[in-house]
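Asks: Now for the letters of each chain:
Protein chains: 4
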Amino acid sequence: MLDKLKDECGVFGIYDKDGHDVALLSYFALYALQHRGQESAGIAVSEGQDIIYHKNVGLVPEVFTEGDLEKLKTGNIGIGHVRHSVKGGNLPQNTQPLVTKYKKGSMAFAHNGALINASTLREKLEEGGAIFQTTTDSEVMANLIARFSDNGFENALEKMVQNIKGSYALTIMTEDKLVGIRDPHGIRPLALGKLGNSYVLASETCAFDAIGAEYIRDVRPGEIIVISNEGLTSIQTPVPLQSCFCIFEFIYFARTDSIIDGISVYTARRDAGRILAMENPVDADMVVGVPDSGTTAALGYAEESGIPYREGLIRNRYVGRTFIKPTQAIREQSVRIKLNALERIVKGKRIVLVDDSIVRGTTSKAIVELLRLAGAKEIHMRISSPPIKYPCYFGIDTPDRDELIGAQSTVEEICENIGADSLSYLSVDGLLKTVESSGCSFCLGCFNRQYPMECE
Amino acid sequence: MLDKLKDECGVFGIYDKDGHDVALLSYFALYALQHRGQESAGIAVSEGQDIIYHKNVGLVPEVFTEGDLEKLKTGNIGIGHVRHSVKGGNLPQNTQPLVTKYKKGSMAFAHNGALINASTLREKLEEGGAIFQTTTDSEVMANLIARFSDNGFENALEKMVQNIKGSYALTIMTEDKLVGIRDPHGIRPLALGKLGNSYVLASETCAFDAIGAEYIRDVRPGEIIVISNEGLTSIQTPVPLQSCFCIFEFIYFARTDSIIDGISVYTARRDAGRILAMENPVDADMVVGVPDSGTTAALGYAEESGIPYREGLIRNRYVGRTFIKPTQAIREQSVRIKLNALERIVKGKRIVLVDDSIVRGTTSKAIVELLRLAGAKEIHMRISSPPIKYPCYFGIDTPDRDELIGAQSTVEEICENIGADSLSYLSVDGLLKTVESSGCSFCLGCFNRQYPMECE
Amino acid sequence: MLDKLKDECGVFGIYDKDGHDVALLSYFALYALQHRGQESAGIAVSEGQDIIYHKNVGLVPEVFTEGDLEKLKTGNIGIGHVRHSVKGGNLPQNTQPLVTKYKKGSMAFAHNGALINASTLREKLEEGGAIFQTTTDSEVMANLIARFSDNGFENALEKMVQNIKGSYALTIMTEDKLVGIRDPHGIRPLALGKLGNSYVLASETCAFDAIGAEYIRDVRPGEIIVISNEGLTSIQTPVPLQSCFCIFEFIYFARTDSIIDGISVYTARRDAGRILAMENPVDADMVVGVPDSGTTAALGYAEESGIPYREGLIRNRYVGRTFIKPTQAIREQSVRIKLNALERIVKGKRIVLVDDSIVRGTTSKAIVELLRLAGAKEIHMRISSPPIKYPCYFGIDTPDRDELIGAQSTVEEICENIGADSLSYLSVDGLLKTVESSGCSFCLGCFNRQYPMECE
Amino acid sequence: MLDKLKDECGVFGIYDKDGHDVALLSYFALYALQHRGQESAGIAVSEGQDIIYHKNVGLVPEVFTEGDLEKLKTGNIGIGHVRHSVKGGNLPQNTQPLVTKYKKGSMAFAHNGALINASTLREKLEEGGAIFQTTTDSEVMANLIARFSDNGFENALEKMVQNIKGSYALTIMTEDKLVGIRDPHGIRPLALGKLGNSYVLASETCAFDAIGAEYIRDVRPGEIIVISNEGLTSIQTPVPLQSCFCIFEFIYFARTDSIIDGISVYTARRDAGRILAMENPVDADMVVGVPDSGTTAALGYAEESGIPYREGLIRNRYVGRTFIKPTQAIREQSVRIKLNALERIVKGKRIVLVDDSIVRGTTSKAIVELLRLAGAKEIHMRISSPPIKYPCYFGIDTPDRDELIGAQSTVEEICENIGADSLSYLSVDGLLKTVESSGCSFCLGCFNRQYPMECE
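Which chain is which? The protein sequence lines are E, S, Z and H, in order. So for the first sequence, my numbering puts the first residue at 4; every next one is plus one. So for the second sequence, my numbering puts the first residue at 4; every next one is plus one. So for the third sequence, my numbering puts the first residue at 4; every next one is plus one. So for the fourth sequence, my numbering puts the first residue at 4; every next one is plus one.
If you are wondering where the hints come from, they were derived from the structure by calculation, not from laboratory data. Fair warning: there could be bad hints in the mix.
[Said to hold, decoys possible] Label pairs and their computed distance ranges (CB to CB): (1) Z/Asn-154 / H/Leu-435: 56 to 64 Å; (2) Z/Glu-130 / H/Lys-197: 32 to 40 Å; (3) E/Gly-131 / S/Gly-155: 13 to 21 Å; (4) H/Glu-126 / Z/Thr-123: 26 to 34 Å; (5) H/Glu-126 / Z/Asn-154: 13 to 21 Å; (6) H/Gly-265 / Z/Asp-71: 45 to 53 Å; (7) Z/Gly-131 / H/Pro-241: 48 to 56 Å; (8) S/Gly-155 / E/Ser-430: 56 to 64 Å; (9) Z/Asp-71 / H/Glu-126: 31 to 39 Å; (10) H/Asn-232 / Z/Asn-154: 45 to 53 Å; (11) H/Asn-232 / E/Glu-416: 23 to 31 Å.
[Said to hold, decoys possible] Which stretches of chain E does chain S cover? Using the computed rule of at least three CB atoms under 8 Å from a CB of chain S, they are: (12) 99-106; (13) 133-141; (14) 228-242.
All C-beta atoms, glycine included, are put in the ideal place defined by N, C-alpha and C.
Between the sequences and the hints, there should be enough to build the whole structure, so can you do that?
Replies: Now the structure itself:
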């Protein structure tokens, strides 16, 4: 309900050597990755012979009962997936993992990202006689592997990587192998960890923390990791000169407690707030963060500026999915169900209001209104990322350009639209500083249209 | 729960030209075909552009809410399916219709029957790179059509028919066509009907009656019927000299009120009872049918023998699926939940007990016991079909041979096992007489191992 | 959906001395009584200390999962209830058993029937300060017992019986007693049985058969049976000169396989058909029963008249509750979802169509139409009970008089309305003959307005 | 799952004069009060003639579908309730509002609090013949009102207040009146607000904010507010010299954005942190709050001490109710599903860890361990309330004394038990300072055993 960009998926994988309950560990890992996708969830496991799975639409605790996990208990290899679909695509058949049989056995796929040449590949495969039962990229990739599989599974993976373009963090399993693949630009994150003698893979390290696993390193751009009874093998496929990590993972998508490509998401967000304060100072009485997305940057802003941080907005921690739509009569109060302003704190005060981003502007406008009604004297909105002006082709659900306020309006117009007294965004340079210690390059396509590959 | 052979599916199709609600008609047609499959149900519709569908495990009224049907309302072509799976195969992914995309567009499949060369075809397709997401024959057939589709859809259908072996009554739809196909031996039934200007296809004519449609004729063995905006086209593929209709449809599977291949199921069952009386007379006080499967034959037996028909057994008409398993303590009374004997009627009487078939013998044994407890003096069991001795390879879920009492024991042994005073079966010749007016040939494989094709 | 009078409830009770699973036995007994009420179901049990229960709206197998029964497993006393509510009264709070605490402990109530002085009693109790949370008679009775309880439980039961008027078959339990009560006119049925050393009570004997219990006798009009650790005690309260059993139990409500007040329901129905044939003979080719309500009487008619019985109408045995309403387009075919006519049997034939009763006439009309469409030459409707002209005040859900076709029209008018060639009803005298061997008197209020007590 | 005291309920009421959708407003208000009870929810409404309601176990969005609210749409008066039950009492029949009929009409009750003389009153009522269907205090109160109702409803309310002892914030409705009552000690909160011309009542003002209503004042201790068509009437019943507000509402129960008895919960919590810093200073590198309960006090501690505030612990914002219990294998990581430590922030640091309270100590111990594993050098735990040593009798679900670590151990022992380097609690005097601006007295029973009335 809040006006945010939406991520498309989270993936997990485990190859167990210690007798863990692979299904249960996958469950808790997906629970930790729930913020990456709330539409459907699924787990597939293998005990060496056959892949069995359970998946459905809904949140992780809704999809799995104790009985469902019980049935998956026998496995020693497992992958899991949580999903957010792009507009219109929330079809039951698109839930993942996608489990298929092919000439060499069984495979299951969990994918985070988006292929930009999926329709071309699909057409070619269809020309070759393939049929499709879903609209997922995973089904395209499964077909490629099946067709490339004559010289062995690893060879098929390599050939697949050569043929697909776009972003992908993948966990794949066969009856006896676990695979992790990250696209050559490293757009979407994928981390490798260890739990005892068992290897684990996850979109974010917070999933490792949830199950007590240790973070080892990130899967490298273009790297194919194959884990089997013989241990871990790494295949490095050719990569471009520069990586192109999605910087929005640091701005909003990832959980604050995750480490991506060596950088703490928390630190990046706090630093974004600090640099925002340097770049866009303002005389005010307090810094207020929009919970929960703006809190960390707000603390950074406060620290740097010396203006005290205050919890001027409170979030209803029980707000989940409600299917009751507020009628016209209370529509204007819709944001109130989720947020409330602390009148005693903000009344008569000059406020620096910090959020991570503005998408359509609707929530920002409602929050400014909420604070005005509570008596705030001045509201200076500060955004810890640059204006979003262009769509993402790599797995982020961006609204159409005509709904994207940053694409349609100048900063002054946006400021007027949301009713703030002033509005500033973090600069692209400022943003890059928050992640510079990684020594990596980043995709800034949604800010400046410079995508890692041709995609329009 | 009763000891019966289980059918595997029912199919339906409609090409509407009169503005009917295609989804709603499909729903009521599936409702009428519910006896052919209680595990899952589904409907797919197209309004010319795209195929949408809804399917799930459960009975027809459980699978579809009013809202589900509402979403399918826009179509003018529709197919539907009810499913009973063979042992172990009740997987969510196997629900039908199977909807796929291929190079020429979309297709949906509803299949009743069983291919005997499915695994060979699957292997070949896998060799060519195909992946499989279900264990259904429909997915094999969809792949074949996709591969054969270069010279047009009708040509692909013909090629598919040339390649597949086994039994099949199919309704297939594309965005703008409805297809009905019956295998060259005509093993499984498929009827053609008309509702106003709209054509309908169904496994049994009772589905036509449920929606007020008129029965026109049966789809012929080996016939492909294609219905499109231009009307109905019939393609006759090569057929063997003799058809081989499944005679068990007349004995038990089909609904009494259906007409299959020109023969009234009711008449065939009543005649089976009559001939049974001629072949196996006995001196008795009353004829009692096992409800509901033996009732019609029992009436025929009574008519022929002159022994009065009595309702000595009463069925609980609310018995559906109960998930509570009777414990050991009341296991022996398990059949009592479904059936009850009328002590006042049967006490001290000599009874001719008529049923359509004996599979494992467990239910027959329990019913004989029930009647003995109610005071029956003599119980002469009469079965309106020959002993089932061999498995079916064409879509009927037969138990393993070691559970099939007719395969393991002589008639005398069975009689002793179930505790009856005498036991006789209808002869194969007697059975054939009940359907002789059709002028057709029949598959008697489960009685005499003479299957229409090599399949062991 | 079919045009029938509806019963209001079924009750069950067990006092176990043999270590049976009381909850499971109650479950199977309620399953057997499901025809008496399909709106809600419930079971309460006690293991000597406390009463626990589970109840909900829905059919028996929908209300109870294996887990629900597991939780009730500890009890050695149990009562159960299935419910059909009168118009408008299907409220969740009205599900039974009603479980209450009062000064002497706990009580649970399961009631079949209707009190005619409930509102007067309720007002009196409210005057005394009572509050009510349901609209059930059971809550009134629970309050009475609580108020009368100073001189012991049995005394309170007697006083309650003295104060309530109307019909009631009750099973009541405390922590350590099971009680069965039947109203002084014996309007609603209640039978006593034994399972090993354990006593059971049920609305109909078919519940005993389902659990392997033995029918001992009916609870007598005005009898209070108390079963405790010390055994069974019977208290006979004053009764009127004549009993007044509900004759409609024999016509339609009870299951064919039940024995009520010593009379076999099956025999009464068959005899009704016989006498109907004597009273209203007609020259015809076949007798057809409306399944399932008219089947037994039709067999009796055929036997007496010598006209052969034929299954001219077939019922869809999977028709349960469907929540999809047929639209106008197929409304006229609504009865077709449930029934189908066998054209091959009825075409060109003169038919005697037998049903047990006509309420609004809508179903009869639709069936006559169905047979006409199937080519029947003549349709002579014969009803195995007299015309229903007056409402029931004793627990039967009768429609308003203006909907009751027997109250509004002459037999000739009804015949014309439903489109039959002739129509006759069984006479009241003929009906009484079917139950005369009981030596009892019966309530015929719905036919002749002579109710057992003043109630209008 | 976290080790917290649990509140027992939240109540709401509205008397609409502006044509609002009373059910929808109640829904959103209950949504805002969800933190006060997650076990069941219910809404009752009246349109002047009759009270209808919907209630069930589950969270607010689970209990109400759009259709459920639609059915309640007609009302102009409504009350709502969210419930947390004391141990063992989560029975379906105990869901509220409790709706009853009595001699003067209908009443519905929503209660937050606990009567300490409920069982005595119940016994007396049972002596008078009352029966009970629930174990709620509401049913006792409904019986009292029914018995006292001869001299009018308001008189009955006054008499009820004279008879009941304990804590209660009540919203009660009849067909045409809305009532709010707060116990004479004012133990549980209840606020009065206005939405246009319509009066509203709620446990906390955050419910007013959620629906855009304006906070007017708190209902006074011992005040009965009756709102009807004629407007608002206040009846002041006798009160003790000193009020005795529950101070734990300020420490933990109430939402940070609520105003109770004129005091901002947020301010009280921040001040608690400040005073805690003054009373228990420590040399450290950062202040970390346990999210979400300790965050506000941690900010106050940081502000006062000058030690920077850091988000060293991150909460999984999707953690709701999971029914999967972690097995032994990952039990020790159970808190990790909800919380994660930021290694990069806390490693090698001396941390002041602030939480609002310690109940059993299990969560505190797990968090200290989490921080140790993440490399924290020193952990100084600071609790923004005094040690909980005694049970609450007034509506708070406290564990048995032997589970209450504050009752069993000295502060030193607790410190050792949870593994912290130091541990200090806020003093009772310090705590009272946070609410002194109210000029009220508070119940401190759980800290010092001085309860507002005799209750042990």
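Asks: Compare the structure with each hint and give your call.
Replies: Status of each hint after checking the structure:
no., hint, verdict
1, Z/Asn-154 / H/Leu-435: 56 to 64 Å, "holds (57 Å)"
2, Z/Glu-130 / H/Lys-197: 32 to 40 Å, "holds (39 Å)"
3, E/Gly-131 / S/Gly-155: 13 to 21 Å, "holds (18 Å)"
4, H/Glu-126 / Z/Thr-123: 26 to 34 Å, "holds (29 Å)"
5, H/Glu-126 / Z/Asn-154: 13 to 21 Å, "holds (19 Å)"
6, H/Gly-265 / Z/Asp-71: 45 to 53 Å, "holds (49 Å)"
7, Z/Gly-131 / H/Pro-241: 48 to 56 Å, "violated (29 Å)"
8, S/Gly-155 / E/Ser-430: 56 to 64 Å, "holds (60 Å)"
9, Z/Asp-71 / H/Glu-126: 31 to 39 Å, "holds (32 Å)"
10, H/Asn-232 / Z/Asn-154: 45 to 53 Å, "holds (48 Å)"
11, H/Asn-232 / E/Glu-416: 23 to 31 Å, "violated (50 Å)"
12, 99-106, "holds (count 6)"
13, 133-141, "holds (count 4)"
14, 228-242, "violated (count 0)"
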